[in-house]
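Q: One letter stands for each residue in the lines below.
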Amino acid sequence: MSAPLLRTEGLAKSFTLHLQKGTRIPVLRDIDLTLTAGECVVLSGPSGTGKSTLMRSLYGNYRAEGGRILARHRGDWVDLAGADPRLVLEVRRDTLGYVSQFLRVVPRVSTLEIVAEALTLRGTSHDEAVERARTMLLRLNLPEPLHALPPATFSGGEQQRVNLARGFIGGHPILLLDEPTASLDADNRDAVVALVREAKASGTAILGIVHDTPTRDAIADRLFHLTPLQAAA
Amino acid sequence: MNAPLLDAPLLEARDLRLSFGSIRALDGVNATLWPGEVLAIVGESGSGKTTLLNVLSGRARPDMGQAIYRDPEGAAHDVHAMPAPQLRALHRSDWGFVHQNPRDALRMGVSAGGNVGERLMAQGARHYGSIRDTAIDRLRQVEISADRIDDLPRTFSGGMLQRLQIARTLATHPRLVFMDEPTGGLDVSVQARLLDLIRSLVARLGIAVVLVTHDIAVARLLAGRILVMRHGQVVETGLTDQVLDDPQHPYTQLLVSSVLQA
Numbered sequence: 059m060s061a062p063l064l065r066t067e068g069l070a071k072s073f074t075l076h077l078q079k080g081t082r083i084p085v086l087r088d089i090d091l092t093l094t095a096g097e098c099v100v101l102s103g104p105s106g107t108g109k110s111t112l113m114r115s116l117y118g119n120y121r122a123e124g125g126r127i128l129a130r131h132r133g134d135w136v137d138l139a140g141a142d143p144r145l146v147l148e149v150r151r152d153t154l155g156y157v158s159q160f161l162r163v164v165p166r167v168s169t170l171e172i173v174a175e176a177l178t179l180r181g182t183s184h185d186e187a188v189e190r191a192r193t194m195l196l197r198l199n200l201p202e203p204l205h206a207l208p209p210a211t212f213s214g215g216e217q218q219r220v221n222l223a224r225g226f227i228g229g230h231p232i233l234l235l236d237e238p239t240a241s242l243d244a245d246n247r248d249a250v251v252a253l254v255r256e257a258k259a260s261g262t263a264i265l266g267i268v269h270d271t272p273t274r275d276a277i278a279d280r281l282f283h284l285t286p287l288q289a290a291a
Numbered sequence: 002m003n004a005p006l007l008d009a010p011l012l013e014a015r016d017l018r019l020s021f022g023s024i025r026a027l028d029g030v031n032a033t034l035w036p037g038e039v040l041a042i043v044g045e046s047g048s049g050k051t052t053l054l055n056v057l058s059g060r061a062r063p064d065m066g067q068a069i070y071r072d073p074e075g076a077a078h079d080v081h082a083m084p085a086p087q088l089r090a091l092h093r094s095d096w097g098f099v100h101q102n103p104r105d106a107l108r109m110g111v112s113a114g115g116n117v118g119e120r121l122m123a124q125g126a127r128h129y130g131s132i133r134d135t136a137i138d139r140l141r142q143v144e145i146s147a148d149r150i151d152d153l154p155r156t157f158s159g160g161m162l163q164r165l166q167i168a169r170t171l172a173t174h175p176r177l178v179f180m181d182e183p184t185g186g187l188d189v190s191v192q193a194r195l196l197d198l199i200r201s202l203v204a205r206l207g208i209a210v211v212l213v214t215h216d217i218a219v220a221r222l223l224a225g226r227i228l229v230m231r232h233g234q235v236v237e238t239g240l241t242d243q244v245l246d247d248p249q250h251p252y253t254q255l256l257v258s259s260v261l262q263a
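As given, the protein sequences belong to chains A and B, one line each in that order.
For the first sequence, our numbering assigns the number 59 to the initial residue and increments by one for each residue that follows.
For the second sequence, our numbering assigns the number 2 to the initial residue and increments by one for each residue that follows.
No wet-lab data here; the hints were simulated from the structure.
It should be emphasised that the depicted structure is a prediction, and the values quoted were computed from it without experimental measurement.
Every residue, glycine too, gets a C-beta built ideally from N, C-alpha and C.
Be careful, since some hints might not be right.
Some chain B residues flagged as far from chain A (calculated, every beta-carbon gap over 10 Å) [unchecked claim]:
id	residue
1	Trp35
2	Ala106
3	Phe157
4	Leu187
5	Gln254
So the derived list for chain B, only partly shown, Cβ under 8 Å to chain A, looks like this [to be verified]:
id	residue
6	Gly66
7	Gln67
8	Asp188
9	Val191
10	Arg194
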């Protein structure tokens, strides 16, 4: 039995829209999810059931409303629900990686530097970080001439691969992947599948939202099903 | 169960209050800045954000409340109880202030190198050669070439002036820098370069920053934590991306939803 690295207990989340007369939208309730080292769990359920909301709540991008989000961080369990922002930032730097669907970066910074920064923030020397960033970008089929350019003018698929490079290069023990293959062709999907398998083999716990079936079947060890709450609310 | 993060805050605002006539510019503001972090203060014009920056940095006095600064030895100082010479010394060494308008900070009749060197001399540097070498190094950090060192600031563009102000401010490697709309009033292309520069310098030198901006995109890119002000009060505070992507307070929801998408 592998060690659990991430666990939620009774996680709940709703949104209150003050600009829409305080409408309250419940999205998640009583979520108990465990993620162990070396496994990949894929969230399933129709659109609008809160898969992305769960992912963002785990990362601290959304504020958990109830329950606990326990992460194994530097050998201790920490509760990320309602944690001090500084602790969340530290956990993100060292323990919890996230590949979002959208690339959000400082304009005019080169692709190579954006990817390398994921390593320099954690103390890797700049030269080594740049070298590893180059290798990772090439693995994801982003040719060298693009490395010096900022990704603003890249296609959707190219931007997504910059995001993937940045997410995988850090080697975080827990990795969240939000539709990592959404705008990729078959070759690039294969490259992502290979990266996920390698990460799993080295003990990374992975939680994903993956809509394309071949990729899901290739990486998922099990599915975690979410059911819509709004009908019941 | 979460282990405490062991360091002490660098700067703390405790129940700061300041009124201008019937207007409450600061209405019970509490805030904490930790070593090495960037804290953004956002809010619309008149929300009190610049007043807070001025009070925290000792440039204005509160009616009530305290601003507490912890020095490198760990001793706590009430910024407004400090003797004036001590506060001035702090502003010349451990602290820096980046103004929206660089002309407010620079000496326009003194060369670029002189502007940087002045701050080094104020901290005690006396050897001309080493001051000049350090000035060249600081100018290089902000991407101003060494051959401009003897030029007067009035020959510089707006973006270069702002970079020169940053070079001057960071010359002494301060621990804490106050920034008031540092990219305001600049072309977007110049602004992008300056954002990257501020971000990398602050990360590399481990400087703590209090950043006042009305531009929440700037806050998102630079700050780990954010504080949203309205009518002199802090309405919401937390992790920058959480406050901007999942705002809880009605005013923050309005602020975030009012931003134009480029």
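Q: Among all the numbered hints in the text so far, which are the ones the structure does not match?
A: Numbers 1, 5, 6, 7, 8, 9, in rising order.
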